[in-house]
Amino acid sequence: MERHAHYALVGVVSIGVLIAAIVFVVWLGRAQFNQQYDQYRILFEGPVNGMSEGGDVLFNGIKVGEIERVALDDQAPSKVVVDIEVDASTPVRSDSQASTELQGISGIRAIQISPGSEGQPLLKRISDRERPIIPSEPNALSSLLQGGGEVLTNVNEAVTRVNRVLADETIADLHAAIAAMRATSESLAANRAMFDDAASALAKLDAAAGDVQQVSASIREMVQGDGRQAIADISRAAREIELAASDARATLASLGDQSDALGAETLPTIDSTMRSIEETAESLDGLIDDIRRDPQGTLGKSGGRELEIPQ
Numbered sequence: 001m002e003r004h005a006h007y008a009l010v011g012v013v014s015i016g017v018l019i020a021a022i023v024f025v026v027w028l029g030r031a032q033f034n035q036q037y038d039q040y041r042i043l044f045e046g047p048v049n050g051m052s053e054g055g056d057v058l059f060n061g062i063k064v065g066e067i068e069r070v071a072l073d074d075q076a077p078s079k080v081v082v083d084i085e086v087d088a089s090t091p092v093r094s095d096s097q098a099s100t101e102l103q104g105i106s107g108i109r110a111i112q113i114s115p116g117s118e119g120q121p122l123l124k125r126i127s128d129r130e131r132p133i134i135p136s137e138p139n140a141l142s143s144l145l146q147g148g149g150e151v152l153t154n155v156n157e158a159v160t161r162v163n164r165v166l167a168d169e170t171i172a173d174l175h176a177a178i179a180a181m182r183a184t185s186e187s188l189a190a191n192r193a194m195f196d197d198a199a200s201a202l203a204k205l206d207a208a209a210g211d212v213q214q215v216s217a218s219i220r221e222m223v224q225g226d227g228r229q230a231i232a233d234i235s236r237a238a239r240e241i242e243l244a245a246s247d248a249r250a251t252l253a254s255l256g257d258q259s260d261a262l263g264a265e266t267l268p269t270i271d272s273t274m275r276s277i278e279e280t281a282e283s284l285d286g287l288i289d290d291i292r293r294d295p296q297g298t299l300g301k302s303g304g305r306e307l308e309i310p311q
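Under full-length UniProt numbering, think of the first position of the sequence shown as 1, with each following residue one higher.
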């Protein structure tokens with residue numbers, strides 16, 4: 001009896017020691033695991049298609065851990081709770097952000113963590129949570145894929161508009177418009193010489209108009225200046241000639257009536273009057289000839305000689 005009882009005690013002790021050893025190994029392994037990895041939680045807004053447990057966690061494109069759990073938030077079902085574990089040496093800072101990223105064309109989605117700023121503290125040191133929460137940011141590609149229905153509708157509408165623009169009738173109208181523009185350009189090129197001649201004629205016309213204006217101004221100045229005095233002299237001389245002619249006619253008429261009464265004083269008077277008329281006429285003819293030869297020079301003279309008619 002004593003021998004059998006001794007063996008039983010040894011067996012119980014052995015089993016207890018084995019169980020204790022197993023528990024110690026598990027505890028030690030878990031402690032070492034906890035020292036090698038940090039655990040975080042991420043809250044995503046909206047769906048996270050393609051994400052599953054065991055997925056990769058990337059930091060600057062390098063795999064540093066994996067996804068432990070994916071579940072809905074109990075308080076807000078529109079949010080998705082994702083628990084991750086990453087290498088303890090991963091510098092997840094207080095301003096680091098998490099986003100989703102597609103891997104290849106398989107549709108599997110990974111988590112990408114941004115490094116944050118150099119001067120910011122590590123998130124695990126300032127958080128009092130068991131699993132510090134990393135803020136999430138929307139992914140541009142994810143937003144595009146989530147709105148894929150609207151994008152496809154817009155693309156379809158754009159393709160429809162392009163097809164309308166490229167219709168046969170539109171292309172024919174475009175060809176006709178291009179042909180008309182080409183014909184117009186060729187016509188303008190062919191008539192370029194005519195346009196050049198017209199431009200030259202207009203330039204000459206402008207120059208002639210300027211010359212006419214200058215001549216008009218010169219004539220106006222000449223007439224308003226010394227020329228006016230010359231014309232006045234001519235008019236006065238003409239009037240004096242008319243008066244002298246009238247006197248001569250009156251004298252001849254009286255001679256006809258009183259031919260017998262002519263004396264020594266009458267004949268010299270008639271002779272003097274006729275000579276004065278001839279001199280005045282010659283002076284007037286000379287002035288007219290000068291005006292015809294050189295109008296501007298003649299009329300522009302100042303202080304000209306006045307014609308004197310003896311009384």
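Do not take every clue at face value.
DSSO-like cross-link-like pairs, simulated, lysine-lysine; straight-line CA separation at most 30 Å [said to hold, decoys possible]:
1. Lys63 x Lys124
2. Lys63 x Lys79
3. Lys79 x Lys124
Pair by pair, the computed Cβ-Cβ distance ranges are [claimed, not checked]:
4. Val162 x Gly119: 22 to 30 Å
5. Gly104 x Ser127: 30 to 38 Å
6. Glu137 x Gln103: 14 to 22 Å
7. Glu169 x Gln97: 48 to 56 Å
These are calculated hints, taken from the structure and not from any lab test. Glycine is no exception: its CB is placed at the ideal position from the N, C-alpha and C atoms.
Hints and how they fare:
Of the pairs offered as hints, the one joining Lys63 and Lys124 holds, with about 19 Å between alpha carbons and a cut-off of 30 Å not exceeded. The straight-line distance between the Cα atoms of Lys63 and Lys79 is roughly 25 Å, inside the 30 Å bound, and the hint therefore holds. In summary, the hint linking Lys79 to Lys124 is supported, as the alpha carbons are separated by about 23 Å, within the 30 Å threshold. In this structure the hint that Val162 and Gly119 lie 22 to 30 Å apart at CB is violated, the actual value being about 51 Å.
Between Gly104 and Ser127 the CB atoms are about 33 Å apart, so this pair conforms to the stated range of 30 to 38 Å. Restraint check, Glu137 to Gln103: a C-beta distance of roughly 18 Å satisfies the suggested window 14 to 22 Å. In this structure, Glu169 and Gln97 meet the distance hint of 48 to 56 Å, their C-beta atoms being roughly 54 Å apart.
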